[in-house]
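In order, the protein sequence lines correspond to chains A and B. Taking our numbering, I'd label the letters of the first sequence as residues 1 to 256. Taking our numbering, I'd label the letters of the second sequence as residues 1 to 674.
Please keep in mind that the hints were generated in silico from the structure rather than gathered at the bench. Just so it is clear, CB atoms sit at the ideal spot from N, CA and C, and this is done for glycine as well. There may be inaccurate statements among the hints.
What the hints assert, rightly or not - Residues on chain B that point at chain A, a partial pick, calculated with CB under 8 Å:
| hint | residue |
| --- | --- |
| 1 | ARG72 |
| 2 | TRP76 |
| 3 | TYR170 |
| 4 | LEU178 |
| 5 | PRO181 |
| 6 | LEU182 |
Unchecked claim - Cβ pair distances, simulated, as ranges:
| hint | chain 1 | residue 1 | chain 2 | residue 2 | range |
| --- | --- | --- | --- | --- | --- |
| 7 | B | TYR551 | A | PRO118 | 44 to 50 Å |
| 8 | A | PRO109 | B | ARG440 | 51 to 57 Å |
| 9 | A | GLU124 | B | LEU660 | 48 to 54 Å |
| 10 | A | SER116 | B | GLU437 | 30 to 36 Å |
| 11 | A | GLU167 | B | LYS420 | 31 to 37 Å |
| 12 | A | ASP130 | B | VAL468 | 28 to 34 Å |
| 13 | B | ALA230 | A | GLU167 | 43 to 49 Å |
| 14 | A | GLY179 | B | PRO171 | 23 to 29 Å |
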Amino acid sequence: MVYYRPVHNEVQLFELAAKMRLPVLLKGPTGCGKTRFVRYMAERLNRPLITVACQEDLSAADLTGRFTLEGGSTVWRDGPLTTALRQGAICYLDEVVEARPDVLTVLHPLTDDRRSLPLERLGEELHAKDGFLVVISYNPGYQSVTKELKESTRQRFVSLSFDYPPEAVEAEIVAAESGCTPDVAKRLVSLGRASRNLRAHGLAEGASTRLMVYAARLVTGGLSLPEACESTLVGSLTDDPEMSKALRELIRSVLG
Amino acid sequence: MGAPTWPPTPEEAHRLTMEEYGLSEAELGFAPAEDAEAERALLSALLFARPVRVLSHSGKQVGTTLAELQRRLGAWLRLVSGFDVKLAASDPPATDGTTLYLPIAVPAPAEPELDERLYRAMGLMQLGLLQLGFLERREVLAEIYRDWVLRSIYHLLAARVVLRHWSTRYPGIAKDLLKIPLVEKAGELRVNVTPVPRDGLPEVFIPFYSGLTVNLNWPKQPPGGAETAAAVAAVDNAPSIEAAKLVVLGRARSLRQTFARLRVGAPPIPWWIGVIRPEWILADLSRDVAYETAWMKGTSRTMELLNEAMARNAKKIPLPPQPSPERPKGLRERLKDRLLGGPPSPDLAKMPAYGPARDEAQAKAAAAAADQPPASPARPEDDGGAAYDEWDHQAGVYKVNHTRVFTPEAPAGALSSYQKVVTANAQAIARIRRRFEALRVEERWQGGLQDGPEIDLDRALIAYADLVAGQQPREDYYRRFVRQRRDLCVMTLVDLTGSTQGQVLHMEQEALILFAEGLRVLGLPHSFYGFNSEAPDRCNLWRLKGFEDGYDERTLRRLGSLRAGGATRMGAFLRHAGSILARRPEGRRVLILLSDGKPEDRGEYRGRYGVLDAAMAVRELARDNVQVHTISLRRSDGDDAWLGEIFGPGRTLSLQSVDLLPERLPELFRGLIK
């Protein structure tokens with residue numbers, strides 16, 4: 001079973017949304033556990049999970065499917081959305097605002113009571129199998145500055161807001177995910193949380209829980225704590241020499 | 001003797017300081033004063049003196065400067081505290097509740113690592129005072145504002161709590177803070193800005209300094225400091241920050257009574273600890289602060305009056321002579337004048353100088369005199385220009401190097417002209433910007449791909465034919481809808497010939513500004529030039545905004561002050577525009593021309609001659625892949641065939657009313673690139 005440490009009532013909410021066939025929108029900063037949560041819920045609900053990493057060039061055909069030429073004839077190949085529809089799977093569109101808003105309108109008939117997908121090229125309308133669920137996610141921190149969901153898309157989803165867990169819970173997660181000692185986890189979390197103070201003031205983002213887990217794994221693997229921090233909490237957060245020095249100084253301040 | 005008032009008025013402080021200026025070392029050593037007035041006089045001398053630290057601009061007499069590490073230091077303070085740290089320079093360290101003021105430099109010698117540690121400690125101290133709430137209670141701030149002795153005691157005790165706070169949270173900071181008292185340049189003792197000697201300090205002060213500054217030769221158990229030591233111990237042992245804050249205030253008040261009884265004045269504070277400035281935090285005390293600041297800067301009311309009077313007089317000083325509107329004559333012309341009995345050659349020394357120095361002086365003088373724009377040369381400098389051939393349709397040949405085009409900077413007018421147009425057309429500009437925003441990227445189908453959402457039928461047919469023929473087909477038969485940044489630049493030429501004077505010029509200017517506002521949003525490389533000519537060898541392409549120019553104030557001034565005059569030698573302008581566009585790296589180049597009349601200039605350049613030369617120039621541009629479009633502002637007289645003859649079919653937009661231009665120009669462009 002995938003490890004996930006519930007923080008609030010997100011598990012119950014998701015279960016209820018799935019039961020009531022309501023699509024779900026997950027919002028939260030990078031590396032706070034959104035994708036892990038979806039994987040956990042798919043296992044918990046015993047449903048297949050199909051993940052799509054959205055990007056600017058994603059087209060509606062990339063989601064629904066297309067004809068390909070195979071040996072001189074054209075063959076229809078389902079896209080991930082259509083596959084999920086047929087299988088009754090959870091279709092998870094990660095970083096959804098990276099896709100163009102007009103492409104996402106393909107989701108509209110799937111996210112209301114119709115739960116169907118018209119496939120013009122095939123001349124048919126597919127109805128979603130029981131268990132099909134659309135889940136989308138994005139990071140309102142840096143992505144919302146330049147990109148946003150169309151209102152007509154946004155209002156079709158039940159929203160679950162994620163944030164980094166409280167300090168003690170975050171330390172518990174880091175320890176559980178990496179196998180490091182509670183003391184190492186606590187010190188890493190202290191550092192990581194301090195780095196979030198510079199969010200939008202020199203750093204685009206502070207250290208994510210995932211990054212702290214990486215640092216902890218390096219320590220578990222035998223690297224010293226300062227070295228592990230240098231490779232993750234400094235190197236992965238910034239290329240700016242001044243910010244790097246400030247982060248190093250922070251590491252020294254915290255670790256002594 | 002009346003009750004002492006505190007703080008002293010600036011005049012009073014000044015008088016007291018002057019009287020006390022000759023204080024000897026012994027007198028400064030806090031000998032018990034005879035009465036409250038003497039205590040006040042002594043304090044005045046200390047509080048209102050200038051800092052003695054000399055900062056050298058050459059950098060030889062100072063250590064690390066704040067500027068060197070401001071960004072890193074700000075980031076670090078934010079990292080450890082989460083506080084929205086703003087840093088500014090002031091000596092000694094202080095805070096106004098939002099900004100941390102740290103010294104502009106630490107004393108020499110420069111020891112980068114140590115100096116940075118010192119800065120961090122100073123920042124932490126001010127940050128701690130703020131974050132722990134030592135500066136949040138208004139009544140406490142007012143109380144310590146009125147009493148410098150109480151303020152100093154309060155500060156010294158609060159500093160202990162702040163240090164403990166940071167040391168407990170971060171082990172690394174604890175190590176650093178332990179070292180700071182050992183750094184001699186950090187621990188200089190001061191009353192406000194005035195350093196005071198360590199030797200001879202009243203023993204009752206000494207317990208304050210353990211852990212805050214270097215001890216030197218102080219006795220370990222000062223006989224007279226029992227009460228102070230007890231206060232320090234009580235603060236150090238307070239079980240929580242909230243409890244410590246109460247202990248600090250209570251003990252400070254108690255010690256204040258003791259010090260008044262002993263008549264020892266204010267305990268000096270180590271430099272790195274800084275100073276509490278309640279007046280910076282309490283807004284209603286700002287007037288007092290202004291006085292104090294004026295005094296600290298050495299300015300007085302008299303000086304202020306003098307400065308004001310000088311400023312007034314400066315406006316009455318006559319401006320330097322205005323430049324002659326005529327270009328100074330060259331040597332050849334002066335010789336010609338002399339030989340032909342013309343006017344005598346002017347004395348060179350009396351001629352107005354040309355060049356940047358003159359322009360700058362005149363610009364400054366003019367700008368200072370009134371809200372007038374800096375002066376611009378009335379006509380372009382002779383930059384040599386560029387020679388172009390001209391097409392003679394009757395002879396069927398080019399006249400080699402027949403024209404010469406100059407590209408002077410257009411005159412710059414008042415900035416307000418540009419701003420007025422923007423204000424008056426705010427809604428239209430917002431609309432244009434919205435539309436241009438949508439043009440930022442280019443959308444098109446890209447075929448011949450190995451992967452894509454659609455089948456590229458042309459390629460698929462080829463692949464199928466290969467397959468049927470028994471050959472291995474290429475697998476590039478997909479296509480995809482792509483969006484990418486446009487590879488395009490645009491140059492706009494605007495007619496500044498004499499015939500545009502009046503309404504046409506006015507609307508041209510408005511159109512240009514609206515277009516410019518839209519293009520700024522679009523982010524495409526673009527330029528604006530105005531054209532008019534005086535003769536074949538004097539064609540001017542006035543640079544309103546070159547491709548390399550940004551939208552700085554000078555550009556806006558130029559765009560906001562079009563001036564008309566001269567004629568239309570269109571072929572020459574088009575050819576020169578083509579040579580500018582040829583240097584652009586963009587794949588697609590667009591030239592838009594705004595004109596109100598036929599190509600006509602002096603001499604033979606009229607009628608068919610002008611039209612056919614311009615048409616030839618357009619063909620030359622087309623050969624070089626420059627798209628030319630024109631907007632004709634000429635009221636139609638039924639004979640517009642020449643427009644098509646020059647620019648080709650579908651390349652001309654004729655406006656029946658010039659009032660439509662501001663809206664139609666951006667629309668034309670939008671249609672061109674959509």
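Hint-by-hint comparison with the structure:
Satisfaction of the interface hint for ARG72(B) is found here, the shortest Cβ-Cβ separation to chain A being roughly 4 Å, below the 8 Å cut-off. With a least beta-carbon distance of about 4 Å to chain A, the hint placing TRP76(B) at the interface is held under the 8 Å criterion. Below 8 Å, beta-carbon pairs count as interface contacts, and TYR170(B) has one with chain A at about 4 Å; its hint therefore holds. The closest approach between the C-beta of LEU178(B) and any C-beta of chain A is roughly 12 Å, which is over the 8 Å cut-off, so the hint fails.
Given hint, PRO181(B) at the interface with chain A, is violated; its Cβ is 18 Å from that chain's nearest Cβ, farther than 8 Å. Interface hint at LEU182(B): violated, since its Cβ lies 18 Å from the closest Cβ of chain A, which is beyond the 8 Å cut-off. Range check, TYR551(B) to PRO118(A): Cβ separation about 48 Å, and the 44 to 50 Å hint holds. The supplied range of 51 to 57 Å is broken by PRO109(A) and ARG440(B), whose beta-carbon atoms lie about 30 Å from each other.
At roughly 51 Å, the beta carbons of GLU124(A) and LEU660(B) sit within the given window of 48 to 54 Å. A beta carbon spacing of about 35 Å between SER116(A) and GLU437(B) agrees with the range 30 to 36 Å that was offered as a hint. About 57 Å separates the C-beta atoms of GLU167(A) and LYS420(B), a value inconsistent with the hinted range of 31 to 37 Å. Range check, ASP130(A) to VAL468(B): Cβ separation about 46 Å, and the 28 to 34 Å hint is violated.
Here the CB-CB span from ALA230(B) to GLU167(A) is close to 38 Å, at odds with the stated 43 to 49 Å. Restraint check, GLY179(A) to PRO171(B): a C-beta distance of roughly 25 Å satisfies the suggested window 23 to 29 Å.
When each numbered hint is compared with the structure, violations occur for hints 4, 5, 6, 8, 11, 12, 13.
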